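So the sequence lines, in the order shown, correspond to chains F and V. Residue numbers 1 to 234, in full-length UniProt numbering, belong to the letters of the first sequence in order. Residue numbers 1 to 234, in full-length UniProt numbering, belong to the letters of the second sequence in order.
There's no promise every hint is true.
Pairs count within a copy or across copies, as identical chains cannot be separated in the list.
Below, computed lysine-lysine pairings styled on DSS-like, alpha-carbon distance capped at 30 Å [said to hold, decoys possible]:
no., residue 1, residue 2
1, Lys106, Lys218
2, Lys106, Lys150
3, Lys111, Lys81
4, Lys156, Lys106
5, Lys226, Lys156
6, Lys150, Lys22
7, Lys124, Lys81
8, Lys59, Lys150
9, Lys22, Lys106
10, Lys106, Lys59
In short, the hints are calculated from the structure, not lab data. Computed from a predicted model, the values in this text were never measured in an experiment.
2 protein chains.
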Amino acid sequence: MGVPGESKQFKAGSTLPKLNDKGLTVFSMRFCPYAERVRLLLNVKHVPYEVVNIDLKSKPEWFLERNPLGKVPAIEEPGKKPLFESLVLAEYLDEQYPGSRQVVPKDAYEKARQKVLIEVLAQKVTVPFYGAFLRNEYDALSAALDDVEKQFLGSKFFAGDNQGYVDLMVWPWFERLPALASLSEGAFDFSSARYPKLVAWSEALLSDPDIKATTYSKELFAQFIKGRDGDAGL
Amino acid sequence: MGVPGESKQFKAGSTLPKLNDKGLTVFSMRFCPYAERVRLLLNVKHVPYEVVNIDLKSKPEWFLERNPLGKVPAIEEPGKKPLFESLVLAEYLDEQYPGSRQVVPKDAYEKARQKVLIEVLAQKVTVPFYGAFLRNEYDALSAALDDVEKQFLGSKFFAGDNQGYVDLMVWPWFERLPALASLSEGAFDFSSARYPKLVAWSEALLSDPDIKATTYSKELFAQFIKGRDGDAGL
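If we strip away everything but chain F, and leave its shape as in the complex, we get (with noise of 0.2 Å):
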């Protein structure tokens, strides 16, 4: 296959496809933040895996059996039995494909410190994003940056001096910001006159040539983001 996730969707009544027999099949969807955590972290990692991306608006019979909640991402590997949960995965990939980097740090406090952070900044920026994303508004986004900018950004990274656990699990929000701001008719700013730390770390981010590769263009999210479409852009 080419580009990891760069095929169409599956729906309701569509057959199982024949799952990577040598490893890992992820199951996403293109634009789903949380799949993007997992993708993330196996692509920093250059742990390789095949992507079966789900239609989430008309699931297949044969994802609901993997998965009882019915969300992305899903994970199987021959012989076992599917797991789910990103956050859960994301700390079992990291720790049962080693590949070229550990993820999610050793020591026990600073991983319990970084997944709090996680919860923390997923909870302040996640219910205003969808306030953007579904509904146009704006404000309570805005608000939530500013917080997040003052009061959680001390250093160059979330993780600290340098990109951790925390960074990679919250980036896919920001990353759509831009997308959002181009269409919000001017409502939603997300520039570095506003923003200055966030959009540097931003850049920080995507200076990081297996990020950068994972990252849609601002046009194609927003593509997305106005037809809600999981195969916009194919």
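Following the hints, position chain V against chain F.
Frame of chain F; chain V shown alone:
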């Protein structure tokens, strides 16, 4: 102090009490099932800790400084910043404080499998649980428990033949079911006739003296549910 967790709640305007300078302080609320996850894990491992109870309807300012999400459980250790989120804490404490037994599985796949099951059971049961707890709506809870009984309890414990991490982490919600049933005026039946496997599982967990020792009576839970008062019975 006496039985861990039996002290009165601290409210807004209170002064920070002296924290445990030799080890763990757990910020809790006696009847909070999330906080109970952490106390239960520490109890079965025989790890000592001190408890500071928080009035969740009138949170002390010093607590909100520790956890910007304002939730219990949270922990603090001398010289370290506080941590929170029940499942993050459970994994951290199991690793950092070995105590008399390991609770979280060592094997990466088995650990992930149990973490997935915790999420599935939490999502299936938690939402209808609060419908029953807050609004006396019992039908959705009964149906969810039918599903859990039939689909997810294929062995004596959720973890398998032996009690495991998933059992401890979901127990607090099930522990409260007899109290909910006693208040339901017949609308909710948590008997072995209706749920033979779940009731047998509850009895098996309660035969563990460490779990039994942290369990409140049906009457005390019912008193809390009626008054929503974390100091109930003190």
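Tell me the numbers of any earlier hints that the structure contravenes, in ascending order.
The structure breaks hints 1, 5, 6 and 10; every other hint is satisfied.
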